[in-house]
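Asker: One letter stands for each residue in the lines below.
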Amino acid sequence: MQKKEHNVVGQYTGRLDAFGKVTGRALYAADRCFPGMLYGAVLRSPYPHARILQISTNAATRKKGVIAALTASDIPGARVFGVVVKNQSVMAEDKVRFIGDGVAIVAALTEREAREAVGLIRVEYKLLPAVFDVEEAMKPDAPRIHQGDNVFIHHKVRRGSIEKGFQEAEVILKRSYRTQRIEHSYLEPEAALALPLPGDGIKIECCAQNAYSTRRSVSEVLGIPMNRVEIEQATMGGSFGGKDEVMTSLCCRAALLALKTGRPVKMVNTREESFLESYKRHPYILYYKIGAKKNGRLTAIEARIIADAGAYASMSPFVTWRSAVQAAGPYECLNVKTDAFAVYTNQAYTGAMRGFGSPQVNFAIESLMDELAQELNLDPLELRLKNCFTEGSVTATGQKLNPGVSLKEVLQKAAGEMKWEMKRALYEGEKRNQDYIKRGIGLACSYRGVSLGAEGIDAAATVVSVQSDGSVIMWSGISDMGQGAQTAQAIIASEVLGISPDRITFFPVNTSRISDSGPTVASRGTIMGGSAAKKGAETVRDSMLKEASIILDESIDNLIMYNNWIFSSKNRTKKTSFSALAGECFNRGVKLFGFGWHKSPSTTWDEKTGQGQAYFTFVYGCNVAEVEVDTETGQVKVIRIAAAHDVGKAINRAGVEGQIYGGLVMGMGYGLMEEFSIQEGEPQCYNFDEYLIPTACDIPDMKAIIVENPDPLGPFGAKSIGEPATELAAPAILNAICHATGKRIRELPADLEKVLLDHKLKRISKRGSEEK
Amino acid sequence: MLPEIKYYKANTVEETVHILAQNKHAIRILAGGTDLLPELRSEKQNRKVIILDISSIKLLNKIEDEGHFIRIGALVKHSQMVESILLGRHAGFLTQASSLVGSAQIRNRGTLGGNICNAAPCADTLPPLVALDAELTLESSSGNRTELLSGFIRGAYKTNRANDEFLTWIRFKKLPEGCRSNFIKLGRREALSIARLQVAACGMIDSNNKICYIRIVPGSTTPNVFRFTEVEEYLLGNEPSERLFSKAGDMVARKMVEITGVRWSTEYKKPVIAALVRRSLQAIFNLKPGVAVK
Amino acid sequence: MKIEIKVNNKRYCLEIEHNLTLLDLLRDELGLTGTKRGCEIGECGACTVIMNGDAVNSCLVLAPQADGSEIFTVEGLEENGELSILQKAFIEHEAVHCGFCTPGMLMSAKALLDKNPHPTEEEIKIAISGNLCRCTGYKQIIEAIKSVSNQ
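Chains as they are written, first to last, in numbering that gives the first Met the number 0: chain G, 0 to 771; chain F, 0 to 293; chain Y, 0 to 150.
You may find that some hints are simply not true.
Unchecked claim - Partial chain G-side listing against chain F, Cβ under 10 Å, derived:
id : residue
1  : GLU110
2  : ARG114
3  : THR269
4  : GLU271
5  : LYS636
6  : ILE638
7  : GLU681
8  : TYR685
9  : ASN686
10 : PHE687
11 : PRO693
12 : ALA695
13 : CYS696
14 : LYS761
Simulated from the structure, these hints should not be mistaken for lab results. Ideal Cβ positions, reconstructed from N, Cα and C, are used throughout, including at glycine.
Required output: the full structure, derived from the provided sequences and hints.
Answerer: Shown next as C-alpha cells:
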C-alpha cells in the first residue's frame, strides 16, 4: 500500500452543511420566526443628495398595526458606524447621500402594514447639487459629500526611480482602462431578526458576513456593551464580500426596533431593496504607463487609479490599498510608482467584493501586458515568463517573496492544458478566413497577498470539543457563507485527531461564544480558521494521547491516531477506539476541549514610502481562456477556460474545484455581461431581469488545475482560493477577444455593443437619442 | 408583495365574457401569470386590483389541426408548443421561438395568448406569428371578432383589445409544403434573456430555383411587429445568393431606421439586424449550414 | 377564499387571502421554508417547485390558481426517510455551496429527470437555466444531475 501523505486532508469528500441544504431543513435568517414577532421596513431616500429639513412619522404611527416608527433622532448611541472611517449613517440624520440611503424605519404587526406605513412617513428635503462622475468629484469646486475632501484616500507605492525607468525604456505605452460597478448577486437577500434578551441585551440572528464588526456597531449604536449584543449567524445564502456594512445597518435597525418595542423584529430585504441599498464592486479608472526594453524586460510601471467609492467610505481604504500594492502585477520591475485614490460620489457606495481591488488592477495590467507583447512582437506568454516573479523576487513594495513562488509553474500548466502555442498559431492563421466567427486564446496571471496583510491584526479562533462518546463539536469565529469554511476546518481537525469529519457537528458563528476572529474576508478562512482548528485539535490530541499512552502502556511517540482508532505502530494489538478513549478520558477528568488561537506573522507598511512587507504570504494563479467572437453581432462565447492556482495544499479538493468554477463564472460575468449602471444617481437595475449574471447555458468547459506547493505558514501547507479564483477570468477573456478580433477593449464589460463597435453605447434616458 | 386582490375565476369562455362585461373597467386577465405577477408586484400597494383567472378554461388549452390551418388556444403554454409535433412540422420557427422564451419554469406557465396580449416589443412568438399572418379571435359578450395579429398590436405594450374582450384563439395557415422557416434570437446571454434582436423568416424556391415564397419579420426593432413586405417583394423571383441576402439585410436595416429614427442603440442594431436577416435567409435557403445563433 | 391543495402527498384545506403567491402560501402558511424567496419575478428560480408535474416559479403562481393542484417541494424529496439519489448526488458532487439555489435546482432537476431519465448535458443545462447560482459556476450541479441520469 502506498502511503498517503494525509488521511483526511485532500481525501475526504462531502460537506458538513450539505444535508440540511438538500432537504430544505437548513434555516436561513428569513426562514426563522419567533412568537410575537414584528416586521420591520425601511424608508429610503429618493434623492441622490439632499438635506433633510424635517421628518414626520405621525401618520405612520397612527396607522393600524404599526408599533413603532423611528428616525436617527431615536438612536440612543452612535448614529454612524464604519470599520475604517466612521461616517455611515444607520438612518440619515442631516442629509441623504445616495438614492437608497436609509431615512426611517417602522415596525408593524405584518410585513404589509410595515411597508405601507413607510409610505406614510413625510420627509421634507432640500435638494443639494450632486456629483456622479468620479473625476468631477475630485475637482475642488465639486459638491462635498462629507466633511472634508471628496478624495479621502490616497495610497502610494514607490520603488526605484520612475523617471530613470522610463529613460531606460525602449518602448513606452500609455493606456487607460475602465471597469464597471457590479452587484455581488448573492442569491439570498439580506435578512435579520432581532430579539430582545432579558435585561437590556439583544440577540440578532442574521446573515452578516462579519459578525464581530456588526456587533461592535450594534453595541455602539444601541449604547450597550458588547457582551450584551449577541450576533448569531443563520445559514448564509452567499455573500462574496457583500454582507458587511449593508447587514450592519440592517442589524442596527432591527435591534433599534426590537429594543424600542420589546418584541422580536424581523427585517428582510426584497431583491429590489437589496440592489438599491447594498454596496457594489468599485468602478475604477486606471491610467497606466509602462516602459520596457526591446527584449521585453520591464523598466518602469506607473499607475494612477481612481476608485468610485460612492456615498460612504466602507472598505474603500483597504480595497484601494490592495490595488496599490498589486497594481504592477506579478512582475519584476525596479521602478514602480502607483497612486490609488478613493473618491466620494452621490451613488450606491462600493466596498468589499470577492477580489477586493484586484480584479480591476488585474484587468488593467494584464491587458497592458498583452498590448506590450503585441508592440514588441512577443508572445504574451513569453513576455510574462520573461518578467514574472520567481524564487527570491522582490515585489513593488520592496518585499522579498517567501519560497514557493510558483508563477512560472501555474503559467506553464494552464498554457499547457490549453495547448497555448498551437492554438495561438492556429487562430492567428484563421484570421484570414471569411468566416464571421473568429477564435482567440488569451491569458492572465496574478500574485495575490493572502489574508488581511498590513490592513490590521490578523488572528482567529476555533474550538474543538470532544464528547465522551467520541463525537465532536466545533465552532469558530470564521463564517461559513457557503464557501465551505466549516468543512475545511473539520477536515483539518479530523486529520489531527485521526477521525472522520462525519463525527463533527459545527456550530455557526456566535459572537458571545467565541473570541473575535476578525472578518471572514480576504480568503483567510482556511489559512486562519484552519490554523486555529489545527491548534485546537492538537491541544485535544495531546491530552488524549497522553492518556492513551498510560492506558495502552506505550510511549506517545509510537502512538498513531488513524481512522477512528489509536494504536501502537510497534504492536497493532495495542489499540483503542477513539470513542472508547474519549470516554476513558472523560472518566479520568482529562481535558477534551481545545481552544485554538492563531495569529499570523506580522506585516509592515509605511504609508509615506509606499514600501513594506505587505502580506505574510502570497498565492499565484493563471487563467487561459478560449473564445469565439461573432464579429457581426459582438457576441462572445467562452468555449474553454483553464485555471491553475497554487493553493499551497488542497484541504477539500472538490471544494477547491468548486471555488475555482464559481470564481471563473463570476469572473466571466464581470468580463462579458454584468454592469450595475447608475444614471444621475438612479440605479438602472433593480432585479435579476435587468442585472444579468451567467446562467447554466453560458458556462464554458472549465478545467481546474490545483497546484500544491505547501506553505509552512498554512495548516498542512494550505493557503487560499476564494478570491484568486475570480480575479483573472475577465482579463484572460478580454485578451482572447483581442486575439480573435485584433481589437482591444479597454472598458469592462465586453458586451455586444463594445465588441462590435469598439466603444460603449450609452443610454441617456429610457427613450433617448444616441450618445457615445 | 402583491396589492390587495379581488379574485374571479372563469372556467369557460361564457363565464369569462360574462365577468368581463360586468367589470369592464379595471379587470386584469390572469393566464400564466409570468408577466402579470411581476407587474402587480411593482404597483402601488394601496389600490385593489380585480383579477380574472382564465387559466382553467380547458377548451383554450389545445392545439388543433384544421387541415390547411392550425388553431392554437390562447392558454396553450410555450412548453406545449415546443413539444407539439404538428407545430414543429408546419410552423417550425414558432416552435423555435417558444423554446427560447425565458426559462423552463417560464415556458411551463407562460401562455401564447399572454405573450401576444402583453405585446412586449421583444416578445419571442410575435415575429413568427406575424410572419404566418396569424389571425386572432377575440370574444366578448357581444360576440366574437377576428383580427390580424399585425393590426392588433398597436405599439409597445399596446393592443386593440377592448376592456370587455379576451383573446381565445390564434389561427394561421400552415406553411406551404417545402417551405423552410427559421427564428434567430440575439440576447445578452444564452438563457433567461430578453431579446436584443430577433428575426423570423420563412421561404421556398420554385423548380427554377427562384424564390417563390418569402416572409421576413424582424423583432425588437420597431414598436410594432410587421412583415417587411418591400424586402419580401425585392427577394421574390430571384435566385438565392449571398449578395441578394446581404442586400435584403441592408434593406431591413434601412427600413428600421426610417421607422424608429436614430436612437441610442441604432449604431448597434442597424448593422446587426442586417447580418441576422442575411443569416436567416442563408439558413432557410441552405446557403450555409444552420447558423448557431440563439 | 378556500382552496384545496396537495403538497408533498399531504392534502390541505386552507382559507387564504387572494393576494398570496404560491410561494407565500408554502413558506408563510404551511411553514415549508425550504422553498426560497430570491427575486419574486421568476428570474432566479430559487422558489422552483413542481406543480402538476412541471417545474414552475412559485412566486409567479397566484395562490388561488393552485387550487386543486399537486405540489412537490424540496421537503418532499426524501423517500422513506432517506435521501433520494438526486439529493445524495448533490452532496457527493459538491453541488451544494451556499445552498440557497439548491432547493429550486433540485426541483428543476427532478422535473427534468421525471420526464426524461437520461438527459444530455445540453438538456440538463437548459432545464436548470432558469435557476441562478452564484457560487458553483454550475459545473458540479450539472455533474450531479448527470450522475443520476447514468444510474
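Asker: For each hint, tell me whether it holds in the structure or not.
Answerer: Against the structure, the hints:
Interface restraint check: GLU110 (chain G) against chain F, minimum CB-CB distance 7 Å, threshold 10 Å, status holds. Hint status for ARG114 (chain G): holds, given a least beta-carbon distance of 6 Å to chain F, under 10 Å. Contact between THR269 (chain G) and chain F, as hinted, is supported at the beta carbon level, the nearest pair being about 8 Å apart and thus within 10 Å. Given hint, GLU271 (chain G) at the interface with chain F, holds; its Cβ is 8 Å from that chain's nearest Cβ, closer than 10 Å.
Interface hint at LYS636 (chain G): satisfied, since its Cβ lies 8 Å from the closest Cβ of chain F, which is below the 10 Å cut-off. For ILE638 (chain G), the suggested interface contact is broken, since its CB lies about 12 Å from the closest CB of chain F, more than 10 Å. With its C-beta approaching chain F no nearer than about 16 Å, GLU681 (chain G) sits outside the 10 Å limit, and its interface hint is violated. Interface restraint check for TYR685 (chain G): the shortest CB-CB distance to chain F comes to about 9 Å, inside 10 Å, so the restraint holds.
The interface hint given for ASN686 (chain G) holds, since its Cβ lies 8 Å from the closest Cβ of chain F, which is under the 10 Å cut-off. At about 8 Å, the closest approach between the beta carbon of PHE687 (chain G) and any beta carbon in chain F falls short of 10 Å, and the interface hint on this residue holds. At about 7 Å, the closest approach between the beta carbon of PRO693 (chain G) and any beta carbon in chain F falls short of 10 Å, and the interface hint on this residue holds. Of the supplied interface hints, the one on ALA695 (chain G) holds, with its beta-carbon coming within about 7 Å of a beta-carbon of chain F, less than 10 Å.
Hint status for CYS696 (chain G) relative to chain F: holds, with the closest Cβ pair at about 4 Å, below 10 Å. Checking LYS761 (chain G) against chain F: minimum C-beta separation of about 7 Å stays under 10 Å; hint holds.
Of the numbered hints stated above, those contradicted by the structure are hints 6, 7, listed in ascending order.
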